[in-house]
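S.K.: Produce the complete structure using the sequences and hints provided.
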Amino acid sequence: MPNTESSISNKINHLFRYEYGKLVSVLTKTFGASHMELAEDVVQDAMLDALNQWEYKGIPDNPVGWIYKVAKNKAINIVNREKYKRLYVSETAQHLQSEWTMQPALHHIFTDKEIADDQLRMIFTCCHPAISQDSQVALTLKTLCGFSIPEISNAFLTSEENIHKRLVRARKSIKVAKVSFEVPSGKALEQRMSSVLETIYLLFNEGYNASSGEDLIRFELCEEAIRLTEIMAQNDNIVNKSNVYALLALMTLNASRFKARTDAHNNIVSLKYQERQHWDRVLINRGLTYLELSTQQNNIGHYHILATISAHHCTATSFETTDWKSILALYDHLISIDNSSIVQLNRVIAISEVHGAKMALNVLDTIEDTTVLSGYLPYYTTKAELHFKNNEKNVARKLLNQALNLPLKGNSKLLINSILKKY
Amino acid sequence: MQEFMLFIKTEGDHLENLSPEEQQAHVQKIGNYIGGLMQSGKLKSAQPLQMNGVTIQGKQGTLKDGPFNESKEVIVGYFHIVAKNLEEAVDIARANPVFDQEEATIEIRPIKQMDGIN
Chain G
1 MPNTESSISN
11 KINHLFRYEY
21 GKLVSVLTKT
31 FGASHMELAE
41 DVVQDAMLDA
51 LNQWEYKGIP
61 DNPVGWIYKV
71 AKNKAINIVN
81 REKYKRLYVS
91 ETAQHLQSEW
101 TMQPALHHIF
111 TDKEIADDQL
121 RMIFTCCHPA
131 ISQDSQVALT
141 LKTLCGFSIP
151 EISNAFLTSE
161 ENIHKRLVRA
171 RKSIKVAKVS
181 FEVPSGKALE
191 QRMSSVLETI
201 YLLFNEGYNA
211 SSGEDLIRFE
221 LCEEAIRLTE
231 IMAQNDNIVN
241 KSNVYALLAL
251 MTLNASRFKA
261 RTDAHNNIVS
271 LKYQERQHWD
281 RVLINRGLTY
291 LELSTQQNNI
301 GHYHILATIS
311 AHHCTATSFE
321 TTDWKSILAL
331 YDHLISIDNS
341 SIVQLNRVIA
351 ISEVHGAKMA
361 LNVLDTIEDT
371 TVLSGYLPYY
381 TTKAELHFKN
391 NEKNVARKLL
401 NQALNLPLKG
411 NSKLLINSIL
421 KKY
Chain C
1 MQEFMLFIKT
11 EGDHLENLSP
21 EEQQAHVQKI
31 GNYIGGLMQS
41 GKLKSAQPLQ
51 MNGVTIQGKQ
61 GTLKDGPFNE
71 SKEVIVGYFH
81 IVAKNLEEAV
91 DIARANPVFD
101 QEEATIEIRP
111 IKQMDGIN
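Protein chains in written order, with our numbering: chain G, 1 to 423; chain C, 1 to 118.
Hints in this document: simulated from the structure, not taken from any laboratory. Keep in mind it's a predicted model, so treat the numbers as computed, not measured. Where a beta carbon is used, it is the ideal one built from N, C-alpha and C, also for glycine. Hints may contain errors.
[Claimed, not checked] Restraint-style ranges between C-beta atoms, simulated for each label pair: (1) 95(C) <-> 194(G): 43 to 51 Å; (2) 110(G) <-> 103(C): 50 to 58 Å; (3) 100(C) <-> 194(G): 50 to 58 Å; (4) 209(G) <-> 47(C): 50 to 58 Å; (5) 5(C) <-> 74(G): 26 to 34 Å; (6) 102(C) <-> 86(G): 47 to 55 Å; (7) 94(C) <-> 113(G): 44 to 52 Å; (8) 5(C) <-> 99(G): 54 to 62 Å; (9) 202(G) <-> 90(C): 26 to 34 Å; (10) 186(G) <-> 90(C): 30 to 38 Å.
M.R.: Now the structure itself:
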């Protein structure tokens, strides 16, 4: 009965995506970071048991409790029956080996606080600098978000084999570098935090920027990035949460526009033409709250600036009534922190709204390093639009035709052609 | 912080004469006690010992077989804990529910610390 099986399996996927990450985190603490895969195997095994049992007996009243119980039993069997096979570094593994301490230990590691702390440890372990960044993202999705390998490969438009390789490399790096399952403290925390946030932002952008791929799964990437950051925001071990809240604000505000960025035919709609009533007000309000929380400590980083820019867009009733002067001031500030050509290009857009296309084109010409920009579609569309406004239609068309020669994904070509028609 | 071994001694198997209900209640109590120690990060490990085994005495290695149920005092388990000082270790030992059942002895011994080699 493949039908029933897949419906139960869907239910399990849906029910346990979050529980999966929690269970794997707790068991990784129990077995040690180098046995992360063992932890995943135990949880997957427990879910497979569930699938087999429930197919015949139906889904129990408390499915989450059921899975937890099975996973706990499996974990106890592993640390006891195979205790000489592996070296467990954790005290928990030892506690699970004594009849005096087993039950209290199980109770202790599954309290809400411990689960939350373990998830935080897992975030820091998956985003450890010993692991390459694309492997960090894959490992995070696999262990903390319960994504399957096919789902990850779908989201990244790459082969399952490729994702599998990234995961193998990530786990190997953890073993080789003897990464401990810990949240760093003191100065080290600040440093590690910024690289964790960077990885999460990358994960978000993979979902937000991709121009093709399934919309549904891409939006899930954005949601997961937000959820992981919320786990960090809720944890008391992190004292200075300014950047955490700023990133949360940025992602939540950007996510509010997710559905308005494409039309019914999955073509990209630029900010100017988006139907603002389709922006998600709930997310906007949440984003504004996060933005407020992010300013409670005296520390303004680039996430703060980007989030504030996004907030200006989200609260403007139309493209024309947007507070471009403030946005330009924010870009001026941002440039002093991050002088990359992409930031400079975005600033040019703000300049054109405040001072006109001619001025914007002048500034655009002063960008020295165009190596990144020459392969970046928005560079061509922006420049073309500025020339168009400046009554240089031929130049504009020429630029767009140049852009058509770029290695473009899916619907980008449609976007260019639709602009060409207008010019 | 200092580490201590707490050796639990009772007269014979202290759980043997309890009814199943009493045993269950005892297990519950000891679970709460151990859980509390874990929560505060004071517990390194704790394990009960079986009642069989042997002792070796003297150079000749004279063997004396278990079980030790008949002996006057027998070590039934140990707690390996971390405490600020001996006083705290004593307080922790005093709270052990083993004392609720019968006469019991807990021997509290600080573990010798090695300061490293220069």
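S.K.: Against each hint, give a clear statement of whether it holds in the structure.
M.R.: Against the structure, the hints come out as follows:
1. 95(C) <-> 194(G): 43 to 51 Å: holds (45 Å)
2. 110(G) <-> 103(C): 50 to 58 Å: violated (36 Å)
3. 100(C) <-> 194(G): 50 to 58 Å: Roughly 53 Å apart at Cβ, these two residues keep to the hinted range, so it holds.
4. 209(G) <-> 47(C): 50 to 58 Å: holds (55 Å)
5. 5(C) <-> 74(G): 26 to 34 Å: holds (32 Å)
6. 102(C) <-> 86(G): 47 to 55 Å: Once the Cβ atoms are compared, 40 Å apart, the range 47 to 55 Å for residue 86(G) and residue 102(C) is violated.
7. 94(C) <-> 113(G): 44 to 52 Å: Hint violated: Cβ distance 28 Å, outside 44 to 52 Å.
8. 5(C) <-> 99(G): 54 to 62 Å: violated (19 Å)
9. 202(G) <-> 90(C): 26 to 34 Å: Once the Cβ atoms are compared, 54 Å apart, the range 26 to 34 Å for residue 90(C) and residue 202(G) is violated.
10. 186(G) <-> 90(C): 30 to 38 Å: Given a distance of about 34 Å, which is inside 30 to 38 Å, the answer is holds.
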